[in-house]
Every structure is written in C-alpha cells, then in structure tokens.
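Going down the list, the protein sequences come from chains A and B.
Residue -14 is where the first sequence starts when you use our numbering, and the numbers rise one by one after that.
Residue 994 is where the second sequence starts when you use our numbering, and the numbers rise one by one after that.
Hint data in this document are derived by calculation from the structure and do not stem from the laboratory.
Be aware that one or more of the hints could be misleading.
Unchecked claim - Here are the in silico distance ranges between beta carbons for each label pair:
| hint | chain 1 | residue 1 | chain 2 | residue 2 | range |
| --- | --- | --- | --- | --- | --- |
| 1 | B | Thr1145 | A | Gly343 | 43 to 53 Å |
| 2 | A | Ile30 | B | Pro1201 | 16 to 26 Å |
| 3 | A | Ile61 | B | Thr1144 | 14 to 24 Å |
| 4 | B | Arg1017 | A | Gly126 | 32 to 42 Å |
| 5 | A | Arg62 | B | Ser1054 | 52 to 62 Å |
| 6 | A | Leu139 | B | Leu1016 | 22 to 32 Å |
| 7 | B | Pro1269 | A | Pro177 | 39 to 49 Å |
| 8 | A | Phe168 | B | Val1286 | 24 to 34 Å |
| 9 | A | Ile61 | B | Arg1175 | 44 to 54 Å |
| 10 | A | Thr37 | B | Gly1186 | 49 to 59 Å |
Said to hold, decoys possible - Mimicking SDA-like on lysine to any residue, the simulated pairs with C-alpha atoms at most 20 Å apart in a straight line are:
| hint | chain 1 | residue 1 | chain 2 | residue 2 |
| --- | --- | --- | --- | --- |
| 11 | B | Lys1123 | A | Asp221 |
| 12 | B | Lys1123 | A | Met328 |
| 13 | B | Lys1123 | A | Ile336 |
From the three backbone atoms N, C-alpha and C, an ideal C-beta is built for every residue, glycine too.
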Amino acid sequence: MTPGEGGTARDIFHLGGQPGEPVAMPAEAEISRPPSGFELAADRIFRRCTLTVAWLTVLLVFWVIVSIGRQAMPSIRSYGLSFLAGTAWDPNRAQFGILPAIVGTLYSSILGLAIGTAFGLAIAIFLSEGFLSSGIDKLLGYMRLSEYSWLRSLPGRVENLLRITVELLAAIPSVVYGLWGIFVVIPFIRPPAAWLNSHLGWIPFFGTNLSGPGLLPASIVLAIMVLPTISAISRDALVAVPPKLREAAFGIGATRWEAILGIFVPTAATGIFGAIILGFGRALGETMALAMLAGNANVISWSLFSPANTLAALLANHFPEADKIEVGALMYASLVLLLITLMVNIVGTVILQRADAGLKGLR
Amino acid sequence: MAAPIQRSPETTQIDLESLERSLRRPRTLFSYTMSMLTGGATLAALFPLFSVLYMLVLRGSATLSLGALRELPPAAMAAGGGFGNAIIGTFVVVALATLISVPFGVLAAIYITEFGPETRIASGVRFAAKVLTGLPSILAGVFAFAVVVVTTGEFSALAGGVALALLMLPTVLLTAEEAIKRVPAKMREAAIGMGATPTQVVTQVILPTGAPAMLTGVMLAVARAAGETAPLLFTALFSNYWMSRTVPEFLPKNPNDLMKPTASLAVLIYNFSGSPFENQIALAWTAALVLVVIVLVFNVLGQSLTSRSSD
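Okay, chain A solo, but in the shape it has when bound (with noise of 0.2 Å):
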C-alpha cells in the first residue's frame, strides 16, 4: 500500500490480524485507541484534500503557461516569427518588434551579471575562507587581547553579521533601487561618463553620451541584484569542498590563494556555474530597476550609455496603458521572456543538482 491511498487503520498502523477480528487493546487503555469512523473519514478527505493540492501546483506551472499562451496566441498568428525581428514598436501603426528588447535583455544582465559575479564570488570566498575571522584573531593578537573568552566569539560574530548584511541586499525592494538609481548612480557616473565619450569615443562601448537614463547605470544596479544571488550560492558551494582537499593543499605547501584558485574553486565551479546561471535568470527577469534606468528606447547600440529597453521594462511601460492588440503583442513578449527565462533557470537548477552530486564521490 502507498502511503496516499488510504486504507483502514488496520492497513496504516499495521496492526496485523484478520479483517473483522478486533484488535487487542487493554479495556483501560483510553488514550491510544483505534481511530473512530469519523476520524477515518477525515483523515481520508484531509489526504485527498492534499493531494489534490499538490497535483494544482504541478498545474499551476502549466496554466501560467497556457493562459499567457493563449492571450498570445492571436498575436503569433498575425505576426509570426517575424515579431522576433522586428525593430518598431508603434501601437499606432499596430507594428510591433522585440528585437531591440532581446538584444537589450542579454545585453543588460550580461554586464550586470559580469560585475555582479566579480564581487559576488569576491565575498563569497572572503565569507567561506576565513579571511575576516583570521583577521580579526590576528588583531587581538596584536593587541594581546586574545586570552578573554568574551572576545572568542568576536570573529564569528563579525562573519556572520558581513554575511546578514549581505543578505540584507536582497531584502530591498527592487523599486527603491531603481529610485536611489535615478538620483546616485546616474548623477554619480555622469561626469566620468562624458569624459570617456569625449576622449575615447571611437570605441562603440563609449560612443554615445549619457544623457540620463541609459544601459550602464541599469547594469550597475541590476548587477547589486543579482550579487547576493551568486554570493550565496557560490559560498554554500565553497564551504561545501570536502575538508580533506583544504587540509591536503595546505599539506603540500600551497599557499592560501594558490589553494583556493587551485583546487577550491576548482572543485567548488559546478555550484558556482549553477550560482551564475540562477543569477543570470533572475537580472532576465529583472522589471523595476531597468524600466526606471534603461531609458525605454527602442535603440540596438553596442555603446553603454545608449538608452536601451528589456523585455520585462517593455511589459512594465506599456501594458498600464495598453489596448486589446497591443495587449496581445505584450503577451507575445511575455511568453518569450517566460521561455528564456524558464530555460535558464532549468539549466541553472540541473547544474546545481550535478554539483551536489559531484561532491558526494570526494567526501
């Protein structure tokens, strides 16, 4: 018997017996007694009540697709693949193209996820190699502080607060951001900006000025997202490196950064491969900070001051306001950010599932 099916108490206690022969109980025994008729009963819709829950989850996963699906489907029959292609987005003139917001999306969470895995995996090997711990021991050393118990604990301590702060990161709602965005990091990378056009213009990355809103700030903050994603992730797969490999490199000489770029991060890369890829997912999906700083142009340029535009900033600026065929072309967008996004997300999982298991041999 599975567990979900049900049966008589005879079958889920294994109370063992004949069906229909009583089971032996002490008469005074008035606490643990076999269930009544209507405990079975409820317990048997309570089990249904369950399961039927569970099989709603799996389908929710589906209608969230067939339900954008549908609402799209009208749009993919007038416009085809050539939606895909297109540059213009004009509801007046019923045209619409993604192009620009495809090439915005990767373009965007590629820069931000750059900068965001170059300081995520900074803290997550500062975070899981003790550097700030053995620091602090190495101060009250100095110090000659180190022989009071109350100051033991300090290292520890400092760690885990660096690591709550960290995480506090991801606690901010991404709107507030995007309006610290508008008025720090723009007016912040302005001037720097302007002289890099001026001076090294004719490379495309800076061949355009900032006029406000624009790729680069979007990126920069996309990139302080999507950080304690990786951080995370990435310092769960460090810590999680078989100590016997720790102990063996320091054995053999190594010292602490040849161990970690050589056998640590090594061993940890599939779990910080698995770290980039969710965190690559999430800057995909990313609304508020690009539709505040991206500039919602519709604009293909290789420059990182060029107003730009994502999928997710397109959804956001245009469905308030939008009519019944734009609203179908929307969708149409909605369901190719729900395929990107649920694609890499499915391959940011499996890998993480293969680095669990990649471990389990070395321990």
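Please arrange chain B on chain A, whose structure you already have, making use of the hints.
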C-alpha cells in the same frame, strides 16, 4: 609502487630561509594582494547598501510626518499630501496574497513530506516550486492579468493578490517542506503509537511543532511580496482614493472594494519617481523609507522566529 626514498645528505639540509613567509616572494605577494583585493571588493559591494539606507534616511525623513502616512496622494505642485491609501492598499493586497498562498503552499508541503514523499507527484511539486521560484515577477503580473483582469474586465486588488500569491507560493511551500522535515521522527512515531490517524499526526503534532519555521517562510515571503512592484503595475494598478470612502482610515468595509484599482506603496514610488515635480519626488523617497522599514520589520520578525526555535 612508491620508489624508496633517497636520503641523501642534501635533502635533509633544509634551507630555513626559504620557508619563511616573506612579501618579497612572488607567491606570497600574490596571495597577499589577492586577499587585499577580495577584502576591498567585499567592502565596495556593501557600499550601495549603505548608500541606499543613507539616502532613504536623509531624503525620506525630510517629508516624513503623520500627515504623509494618513493623507491621499497630492496633485502636482500641491503642498502636503501623503500615501495613506497606498499603505492600506499594500496591506490589503499582501493579505489577499497570503490568504491564497499559505493554505495552498502548506497543504502541498504536507502532501510531499507526509503522505507521498517518494511519489512522482511529489517530485513534480518540488520541480514546479523551483520553476516558480525563478519566474520573473512581472510574468506573475501578466498571468494575473490574463486570468483575473481579462475575466473580470477590471484592474483590482484581487488581481494584485493573485499575482503576489504566485510569487509567494514557492517560498511558502519550500520552507514549509523544510519545517516539516525537521520535526523529529520520534514525535511522529509517538503520535502514531497513540493511535492517531495520519491527519491527526499532521494537525496535532507536526503543524504545531513546525509552525515557527513555517511562519519564518511566510514572513520572508510577505516581506518580498510587499516590495514587489512589477506584478502590481497592471493588476492592482493605482488609485488616488481610499478603498472605502465611508470608513476612510480602516480596512475595506465593502467587499466590492477588492474589485477596484488599488494603490500600493511600491507602485506609488514608481509613479512618483518619474515625476518632474519636487513634492512628488520627495513623497516617493518618504514612501520608499516606509516600505523599506515594513520589509525589514517582516524580515527581522521572520528571522527571529527561526533563531528562537532552533535554540
């Protein structure tokens, strides 16, 4: 086969100088530089957080007043005004989302841990939850638009609640699963030994024991949902008015109110951030401060629940 170790006099002569850790050696220098760079990168990564908090306090507290918390959004250039309706709207929409997602998530978690842990459907549920975790928040809005707004023909708090519920569900489900798994097997066996049905085991032993950890998950999900903007943009939309005009400063008396466009803090910040008017920008900062405080309170509440239960 290991070759026999040659013990020549040269090998026993260890050059002690070469074992010293000195910054003049490229290996040590490289290691030292990298450590410095990593520490620097970590500090640099924390800079945005402190910058955000500093700006929130600096610019947000400038217009923070009781009036800002209680009044309706102002017109352009008008003095005063606030975002009282947006605070209530945020709570109503998030409460709706919680009412939808928590029973759903907990029941599914009970099934995949207690009643059918090894079944196909259980691994399907886990996979679905993981897929939903990665769902971009704006697509939750698109889904709610397609399912609720298109059907009812109106932007509404209910549509916003559905969108946020879809985002909360995976967090609630996965943390509830972890919470149930952490209930000691002893307690489960003891309950079964007392003659409890599986349902009684779940409702009277497992749920009360796992409740603090589950609440943590709910709190974290609520904190995330309260800050979400994208799914509300075209589901709850925005409103410049109170939900219920007869009782302005309290929750909606009239259930019909849930079927009307509803204001929320996050959407207010978004709308006002692009405004050319100074008073609306100032209010956006104040609203951001209030929103961050709400989100952080829920986060800290959630964390403190687990730390207490794990002691």
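Hint compliance check: list the failing hint numbers for this structure, sorted ascending.
Numbers 4, 7, 8, 10 - these are the hints that the structure violates, sorted from lowest upward.
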